[in-house]
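Trainee: The primary structure of each chain is shown beneath.
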Amino acid sequence: MSEQNPFERDEQSADAAALAMGLLEGAERAEARAQLETDPAFAAEVAAWQRRLSGMDEDFVAVAPPKRLKRKIEARLFRRRRNGLAALWQSAGLWRGVAVLGTAAAVALALRPGLIPLPPELQPAPVTEARLITALYAPDDGLNVIATLDPTQAVLRVTRLEGAARPGRELELWFAPDPDTAPTSLGLITEQTVLALPLDPALAGTVGAAGYFAISDEPLGGSPTGAPTGDVLAVGQIEEIDI
Amino acid sequence: MAASDEIVEIEALIARCGLKDKAAFGTLYDRTSAKLFGTCLRVLKNSTEAEEALQDIYIKIWRNASKFRPGTYSPITWLVAVARNHCIDLLRAKKGGRSVEIDEAIMLPDPTPGPERQMLASDARQRIEGCLRTLPEDRSQAVRAAYLDGYSYAELAAHFDVPLNTMRTWLRRALLKLRDCLGDGYTAADYE
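Line by line, the protein sequences give chains A and B. Residue numbers for the first sequence follow the UniProt record's numbering, beginning at 1 and rising by one. Residue numbers for the second sequence follow the UniProt record's numbering, beginning at 1 and rising by one.
Don't take every hint at face value.
As a list, the in silico EDC-like pairs of lysine to aspartate or glutamate whose alpha-carbon atoms are at most 20 Å apart [claimed, not checked]:
(1) B/Lys60 <-> A/Glu74
(2) B/Lys94 <-> A/Glu25
(3) B/Lys67 <-> B/Glu137
Derived by calculation from the structure, the hints in this document are not laboratory data.
Assemble the whole structure, with the sequences as input and the hints as a guide.
Mentor: Written out as structure tokens, the structure is:
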């Protein structure tokens with residue numbers, strides 16, 4: 001926009017205002033939206049208009065929505081396959097034999113791998129590398145853990161936002177590339193808020209959007225069998241995020 | 001809670017939603033859903049549609065939280081913009097136009113200032129009110145109806161009984177005048 005004359009600059013600004021206001025319809029609206037994606041100067045002017053106009057936002061009077069809406073939204077976002085999957089994980093006996101056989105080959109991961117303590121506040125920098133992310137949330141246990149993986153680095157970052165192991169027990173993190181495959185232990189979630197777990201590259205290659213992470217309640221030292229033995233506290237589907 | 005504390009808190013919640021933190025999403029919803037539901041009701045003027053819209057809006061917020069860039073504008077501005085844009089999309093997608101009489105909607109009185117509104121009687125609001133007062137009365141009414149009620153150029157032209165191109169010229173001039181009055185849109189609160 002810097003090379004435009006004042007008239008063109010005003011035209012551009014008025015177009016940005018019209019988009020920010022929502023005045024446009026049909027093809028005009030579609031064109032302005034396309035420009036928003038491709039023209040950073042235009043996008044900046046639309047953002048400036050959103051700031052300028054936001055003084056009117058106070059006229060949008062807060063009205064509490066019906067309580068059921070929150071449940072509906074959370075169900076749409078989070079419970080698509082979770083209940084059935086959690087039941088599958090709970091029947092871990094199903095996999096016990098398989099998992100023990102597979103342990104030596106598949107789990108190229110030391111329990112308690114190199115732990116890199118980071119400040120307790122979430123740092124934005126590591127997150128921008130992450131492409132795959134999983135939220136593991138167990139409200140009943142107050143447990144809230146996020147796992148992010150940058151596939152190019154094969155380092156899984158595990159951020160424990162809230163919650164801890166039950167007394168005398170440990171939290172063990174598991175991964176399955178799809179619901180039909182036995183889970184692989186990724187190690188214990190220690191007291192650190194943020195852990196960086198190096199993954200075996202072959203294993204990291206199988207971490208994709210069809211996969212799941214889970215956290216189980218295990219005896220000290222972790223599951224003795226190579227499969228979850230205690231309660232499966234949280235199961236989270238892996239999601240790809242836009243950066 | 002001071003307005004700037006609220007901004008910091010909401011920014012942190014959005015950042016955590018960007019990390020797919022479900023607990024943060026629940027808190028963000030609790031802290032902001034009344035504001036966004038009020039926005040939907042004002043624009044759509046239909047509670048069933050507003051309820052549907054609110055669900056879709058929070059799903060968009062969850063999916064786009066990692067795109068929010070603090071510093072561009074306040075997180076509330078971003079959330080309200082997501083909600084407004086979604087509702088306006090719904091209105092524009094309706095073939096036969098909206099069912100509510102525009103006159104009735106435009107004549108809705110402004111809400112009485114309640115405690116919340118007084119607390120948040122921000123610099124931004126005072127500035128835009130001051131700038132809107134520099135416009136001719138019908139122009140400032142058209143700007144407010146477009147922003148708060150989601151009316152298009154065509155709907156406003158019909159309401160004010162002027163040709164479409166006249167309405168476009170009115171609003172474009174009015175908005176550029178507002179821009180000169182408001183500057184880049186940053187307020188002192190944004191820098192705190």
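Trainee: Given the hint that B/Lys67 pairs with B/Glu137, test it: the Cα-Cα distance must not exceed 20 Å.
Mentor: Violated, because 38 Å separates the two Cα atoms, which is more than 20 Å.
Trainee: Can you confirm whether the C-alpha distance between B/Lys60 and A/Glu74 stays at or below 20 Å?
Mentor: Satisfied, since the Cα-Cα distance of roughly 13 Å is no more than 20 Å.
Trainee: Given the hint that B/Lys94 pairs with A/Glu25, test it: the Cα-Cα distance must not exceed 20 Å.
Mentor: holds (11 Å)
Hint 3 from the list above is the single one not met by this structure.
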